[in-house]
Amino acid sequence: MTKRIAFYLSFALIVWACDGPFEKSVSGAITIESSQFGSDYFFAGLPTMFVAKSSVSYRGIPYPNIDKWTFGDNDASVNVAPYHVFDFPGRYRVSVSTDKGEGYADTLILIEPKPSLIGSKHRPERGKFLLTSPVSGYNIIMATINSTGATEWQMLTVTSKFDSLRSRRLPIPTHSDVHLTFLNRDFHTVLVSDGIWEYNEWGNVVRSVTTRVGASPISGIEIDDGYIMGGFNFDASLVITRFDRDFQVIAQGRLETVRPGYFLPNFSFETDEIIRLHYREDTGMDNAKWSFVKMSLNGETLFESSYEADLAVSESFKLGTGYLLYGVRSYNGASDAAVVFTKVDDTGAVEWSLKSPRDSWSPYDFKARIFELDGFIYIFFDNQRGIKVSMDGNVVWSKRFSINTDRCIDVILNETGNFVILGAHQFDYLKMEYTTDVINTDISLTEVTIDGTIVDKH
379 MTKRIAFYLS FALIVWACDG PFEKSVSGAI TIESSQFGSD YFFAGLPTMF VAKSSVSYRG
439 IPYPNIDKWT FGDNDASVNV APYHVFDFPG RYRVSVSTDK GEGYADTLIL IEPKPSLIGS
499 KHRPERGKFL LTSPVSGYNI IMATINSTGA TEWQMLTVTS KFDSLRSRRL PIPTHSDVHL
559 TFLNRDFHTV LVSDGIWEYN EWGNVVRSVT TRVGASPISG IEIDDGYIMG GFNFDASLVI
619 TRFDRDFQVI AQGRLETVRP GYFLPNFSFE TDEIIRLHYR EDTGMDNAKW SFVKMSLNGE
679 TLFESSYEAD LAVSESFKLG TGYLLYGVRS YNGASDAAVV FTKVDDTGAV EWSLKSPRDS
739 WSPYDFKARI FELDGFIYIF FDNQRGIKVS MDGNVVWSKR FSINTDRCID VILNETGNFV
799 ILGAHQFDYL KMEYTTDVIN TDISLTEVTI DGTIVDKH
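For the sequence shown, counting from 1, position 27 maps to 405 in our numbering; every step adds exactly one.
If you're looking for bench data, these hints aren't it; they were derived computationally from the structure.
Computed from a prediction, not measured in an experiment: that's the story for all the values here.
Glycine is no exception: its CB is placed at the ideal position from the N, C-alpha and C atoms.
Possibly wrong hints are sitting among the right ones.
Distance condition first, Cα-Cα at most 27 Å in a straight line; then the derived DSSO-like pairs of lysine-lysine [stated by the list, open to error]:
1) LYS777 / LYS733
2) LYS835 / LYS539
3) LYS766 / LYS733
4) LYS766 / LYS777
5) LYS766 / LYS696
6) LYS506 / LYS745
7) LYS696 / LYS745
Label pairs and their computed distance ranges (CB to CB) [to be verified]:
8) PRO638 / ALA727: 43 to 53 Å
9) ASP834 / GLU686: 22 to 32 Å
10) THR588 / PHE754: 22 to 32 Å
11) PHE641 / VAL513: 41 to 51 Å
12) THR588 / PHE681: 19 to 29 Å
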């Protein structure tokens, strides 16, 4: 390693520790956009790459928009590749010279802290929900794959510093999924699967019932005298169920939501009396229109707004004033594919719209995590990217918090006012290599301030 470093320092790259704030910097023809980790090459014993965009031309022929520098391996310095990353925290000033005769100097880049990896290093794990724990730090609802290939559901408790404390096996059948989870007003964890379980702050079962609440409950809230939940039944009808605080059924019925020529991708409860419905024309085409409907649970339509296909409204988030609608426009590979966020007032009238390019690997059922804090909207994407938006639709910052093959599973706001991201980290500890196989993932936790700065837990 010492010889490799010495050779490299004399040939291509010099790195200095550097103080001061980070700003995206252009030096010569290279722009350092961001830093990530995960490389086959090592510098100072650590995987090393960094993301760079280049406007260099060689003999009148432009180089690719994305260049790759590798370290101490005698290969050409410029190759087509998506990453360059330094895998250690700090600020560094970099000088690079390529074998094409172009030199770049003094480009400042920021190396963010790595995420904290949680759980087993010897079998695949899949996190699904993240909740705060009143006595420790956080609870992660997760699935693991045992030696027979069957799914086992666990509740993993970690400290505020992301150190594992204990793991409890959940009494959920291997063929079942956890559809919904939340903290109730007693700070107990409520899990909804084929049954309902309530765990106290110490991880002990307080009560459980086997009552089914529909085939796939996807929304639920706590109300004064219990809970209200809903989901699509096997015949695609919307079933609404009211429970008391012991999860005994008080009332259950179907809400008439069928509209000829439309299908209903999603809904969400606003109160115990109001539900929001998101319809789309059933044409099978990208130009299908959307409708946003606010309805009382007795079936009365309170308002309805229609939107063209370029304003996708498959989900909604209630703001202090109005709503933030969002959804995916077009499919992977389409030139106009994007995630679209639309701010509307309390009557559904459009105030502004924000479009974000969509990563090609993202699932079509895109799910954003949205927060409203101190006059700003924070949005976290499923590719570990977050944005901060003002109430008039201006983006304050846009940052990615991990490598682009990682996924964001859930996000919560902790007691210190920071965001905590539950992620799926693409590193196979059995093979000791990075992978794009979503089965071979580790669970990761990343804490981020409201300024988009990663909190170093190491």
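Hints, one by one, checked against the model:
no.	hint	result
1	LYS777 / LYS733	15 Å, holds
2	LYS835 / LYS539	6 Å, holds
3	LYS766 / LYS733	14 Å, holds
4	LYS766 / LYS777	9 Å, holds
5	LYS766 / LYS696	17 Å, holds
6	LYS506 / LYS745	13 Å, holds
7	LYS696 / LYS745	15 Å, holds
8	PRO638 / ALA727: 43 to 53 Å	26 Å, violated
9	ASP834 / GLU686: 22 to 32 Å	45 Å, violated
10	THR588 / PHE754: 22 to 32 Å	43 Å, violated
11	PHE641 / VAL513: 41 to 51 Å	44 Å, holds
12	THR588 / PHE681: 19 to 29 Å	38 Å, violated
The structure does not agree with the numbered hints 8, 9, 10 and 12 stated previously, though it agrees with the rest.
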